[in-house]
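Engineer: Each chain, written out:
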Amino acid sequence: MASIKVQSLRKEFVTSDSTVVALENASFEASGHVFVSIVGPSGCGKSTLLNILSGIETPTSGIAEITEGDKKARNGYVFQAARLLPWRTVMDNLLFVQKDRDAETRERCQRYLEMVDLGHTANKYPGQLSGGMQQRVGIARAFSIEPDVLLMDEPFSHLDAITGRSLRKELHHIWMETRKTVLFVTHDVGEAVELSNRMVIFGQGGRLREDMKIDLPFPRDPADDAVALTKANVLRTFEELDLVAS
Amino acid sequence: MPRGLRRFWRSTRTARAISIVSFLVGWQLLIPLLPTALIPTPFEVGEFMWAELRADTLAPETVYQAFATSLRRLVTGFGIALLIGIPIGLLMGLFKRVEEFLHDFVVVGLAMPSLVWALIAAMWFGFVERSSIITVILASVTFVIINVSEGVRAVPKDLLDMGRAYGTSDLHRVRHVVLPSLMPFLFASLRYGLANGWKGLVLAEIYASTSGAGWTIRFWYDARRAQGVIGYALFFMIFALLAERLVFRRLSDRVFRWRPSQDQPPPEAEGSVQVNI
Numbered sequence: 000m001a002s003i004k005v006q007s008l009r010k011e012f013v014t015s016d017s018t019v020v021a022l023e024n025a026s027f028e029a030s031g032h033v034f035v036s037i038v039g040p041s042g043c044g045k046s047t048l049l050n051i052l053s054g055i056e057t058p059t060s061g062i063a064e065i066t067e068g069d070k071k072a073r074n075g076y077v078f079q080a081a082r083l084l085p086w087r088t089v090m091d092n093l094l095f096v097q098k099d100r101d102a103e104t105r106e107r108c109q110r111y112l113e114m115v116d117l118g119h120t121a122n123k124y125p126g127q128l129s130g131g132m133q134q135r136v137g138i139a140r141a142f143s144i145e146p147d148v149l150l151m152d153e154p155f156s157h158l159d160a161i162t163g164r165s166l167r168k169e170l171h172h173i174w175m176e177t178r179k180t181v182l183f184v185t186h187d188v189g190e191a192v193e194l195s196n197r198m199v200i201f202g203q204g205g206r207l208r209e210d211m212k213i214d215l216p217f218p219r220d221p222a223d224d225a226v227a228l229t230k231a232n233v234l235r236t237f238e239e240l241d242l243v244a245s
Numbered sequence: 000m001p002r003g004l005r006r007f008w009r010s011t012r013t014a015r016a017i018s019i020v021s022f023l024v025g026w027q028l029l030i031p032l033l034p035t036a037l038i039p040t041p042f043e044v045g046e047f048m049w050a051e052l053r054a055d056t057l058a059p060e061t062v063y064q065a066f067a068t069s070l071r072r073l074v075t076g077f078g079i080a081l082l083i084g085i086p087i088g089l090l091m092g093l094f095k096r097v098e099e100f101l102h103d104f105v106v107v108g109l110a111m112p113s114l115v116w117a118l119i120a121a122m123w124f125g126f127v128e129r130s131s132i133i134t135v136i137l138a139s140v141t142f143v144i145i146n147v148s149e150g151v152r153a154v155p156k157d158l159l160d161m162g163r164a165y166g167t168s169d170l171h172r173v174r175h176v177v178l179p180s181l182m183p184f185l186f187a188s189l190r191y192g193l194a195n196g197w198k199g200l201v202l203a204e205i206y207a208s209t210s211g212a213g214w215t216i217r218f219w220y221d222a223r224r225a226q227g228v229i230g231y232a233l234f235f236m237i238f239a240l241l242a243e244r245l246v247f248r249r250l251s252d253r254v255f256r257w258r259p260s261q262d263q264p265p266p267e268a269e270g271s272v273q274v275n276i
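In the order they appear, the protein sequences are chains A and B.
The opening position of the first sequence corresponds to residue 0 in numbering that gives the first Met the number 0, with each subsequent residue numbered one higher.
The opening position of the second sequence corresponds to residue 0 in numbering that gives the first Met the number 0, with each subsequent residue numbered one higher.
Honestly, I wouldn't trust all of these hints.
What follows is a list of derived Cβ distance ranges for each label pair [said to hold, decoys possible]:
#1 101/A - 178/B: 19 to 27 Å
#2 63/B - 113/A: 39 to 47 Å
#3 9/A - 250/B: 49 to 57 Å
Keep in mind that the hints were calculated from the coordinates and are not lab data.
In this text the structure is predicted, and so the values were computed from the model without any measurement.
Note that beta-carbon positions come from the ideal geometry of N, C-alpha and C, so glycine has one too.
Okay, chain B solo, but in the shape it has when bound (with noise of 0.2 Å):
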């Protein structure tokens, strides 16, 4: 084999790649041999989803209204569960006694399924903007709380020493030692709180909404049309890829920068809290 084509057969794009085309290939020959009308071919698939970027829909929301819904929602609900869970998660890590009194909440809070806050949120408050809302700060607050106040405890001590041993004002250090130490945890928080707001916003929308991204692969779904609910899945898949290539990764390159190299765990690796449900 020339050298040039053996460097692209042993690539890891390649094997990538050829693992995403076998299974499109399979996945299209395999249809018709089933007897159900109800699983759409690759094709279909894509058929929909390029109409659905053309804004050509039959669903009351394009592809676009409905992710600018979700997306506004998303960051309404978090940046609100920021707003309470920072100060909480400071008080906690700062103060046993706090700690004491709210762990057990916080840890029910991180175990439970989103599908309970949208169910209770549905209940109380209907079909609103608001239940989305609250549903997304209910299953992200948590999140921020724990990440926050393990971030506490963890900045270093040693070199909040070296800053008073060597002068320097209360306000100096919490800005260049406190700050930075505390990132990777916002950071984390950040990562973790958005992805389980995200489960919880569309499972809100599903059940009291009339609107957003959830509601319309519900309304796929009502429909009976296979391809707009395995389309809009992909639609959230690339949604996601696009947040964490486009807004996450950079960020993170960018606070970031001083650790030493590229094939170290991911910055978030180190002493966050992740619950997967």
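Here chain A stands alone, though its shape is the one from the complex (with noise of 0.2 Å):
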């Protein structure tokens, strides 16, 4: 079982003429098969935790780490941007990150693609797709590589709202299926009332301010009364602690 273990955490910026604190002391533990939203305004460091968590960036003192029983865990990483290779074609992507190219890891890049309903533009380059198809080739390579957590970085707020919706929705679907554990960042409540199953809350400086269970049943409605009201606790809650830009 993964399990995702963030202690003390503190990242800083440093330009030449100021210093910029991205996270401090952030401590917060996960695992299993949890959906953990990580929410709070822009600035807050959302995205730097998760690319310190992913290794794209080191943090300035504390522990982020993600384990899979006693070594390092394998993590899909879901961008606000497709982020796919333009000049190689979407079967060519899953693989650039595989480990090995044989024909067991093509058929396996091939049935996530399938998964999003892509399996018939494997030999198609990203610039043939839409925004959402793109975006759904990368939730496919996320899954490809089999990770023990899934990291997302605001996957959804680039694209329209029914194309969002309908990807929320299969996220979900497949996170009930693969059992990962899931860590997705956003600034969109009602996002996170609808798909997680814990809620934190960054405030900003990149101060841990809340950390609350969502118990609501799956799958949830954005229009039912439950996960409506859920929404507005939150963003009372929100209001409470100062975190909406004034």
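With the hints as a guide, dock the two chains, each given alone in a separate frame, to form the complex.
Structural biologist: Right, here's the structure in full:
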């Protein structure tokens, strides 16, 4: 079982004339089949946290690690933009992140493309696909390495409302099926309430402000009373914590 | 008008053909009215070119030999320019200090008329093969340097980060992210470097050589044979068109087949650097 451990994490960015603190004394743990949303206003260090966990950036101090048993876990990462290699086909984009390139791996990649309904695009180039399709390729890529943990950084924020909604449903479905640990960064409280069973709220200066459970049955319809009420409650918490930009 | 005829009339190809034909007819009709014998009719030019193509010539070299000699010099010179330019361009793109150190020299190099390089090479090295090749190097190397260094700076960092997040090796990322993203820039340096190198080469052959296409056009100039000069100018055009169709376009279609559609700007239009003098 994969587990995420963040302890007294601090990250500062030093430029020639100033030091910006992106994360300050952040601590939380998560493991097993959970969907954790990390919510907060822009510039609260949400994305930085994922970048540190995935190894793109290094922490200034503290611990941020994802383990599977006693070894390092394998992470899938879905970015805000699809981040596909435009000069490689969809299939080659999935193969780019694989350890092996054998027939078995190919078959697995094809299977995950079919999971997001894009099996027929394996030999197309990303430029031939719509934005929503590209994002789904990004999701297939993340799952195709059969990760222990899935990191997602506002994966639906660039998409139109309808595409975003159908992809959220798809993601929920896949999460139920694969039973992965998901760490999902978003600034959209509605999205977080709809998808996650735990919500971690960050405030300005990268301080962890609130860590709450969301005990509602799945699937959650945003129009449902209980879901709408929870969303309103979370937004009220935001106001109480003074997180809403004035 | 019947439909087929109308389509024929409206096609851009027809318009181009009509423009060329009317130019030639106008030229042929105008010449006898002029009080000079130094302007040949298109027929005379055609006659000259046809004789050249049959290797029947008064010049010491046939058109095939002349162009083969020049092409050899161009390829040698540009090959050396790539060997020098790519490492310098990489260093300039990667390190700000190197960029600051070399920037002004590169800009001057880009702006320098090829004629100056040809004259300097002729003055220092004289009538030897070296002069022409060195002119090609000087006229093309800065195009390689500037395009490669711009290309390095344009390597998509978000894709490199993606590769890193998935734990791919450095070599893997260089092969699948860095090199493909450099291709449009290498292509631009190929096109503009070769074009400028070629202009320099022709001048170098005029001033400091006893063979090649540039020297042969000089031969016809000295012989006061206008159809020779104009005929050779047309051979230059044909040579450039063949290079474009047979080499560049095919290479570009192959390398950039991932680009979505045909009606987009040409590959090197993106971020490439061109200076025309």
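Engineer: Next step is simple, just say for each hint if it's right about the structure.
Structural biologist: Status of each hint after checking the structure:
The hint said 19 to 27 Å for the Cβ distance between residue 101/A and residue 178/B, and at roughly 24 Å that hint holds. The supplied range of 39 to 47 Å is broken by residue 63/B and residue 113/A, whose beta-carbon atoms lie about 58 Å from each other. Restraint check, residue 9/A to residue 250/B: a C-beta distance of roughly 51 Å satisfies the suggested window 49 to 57 Å.
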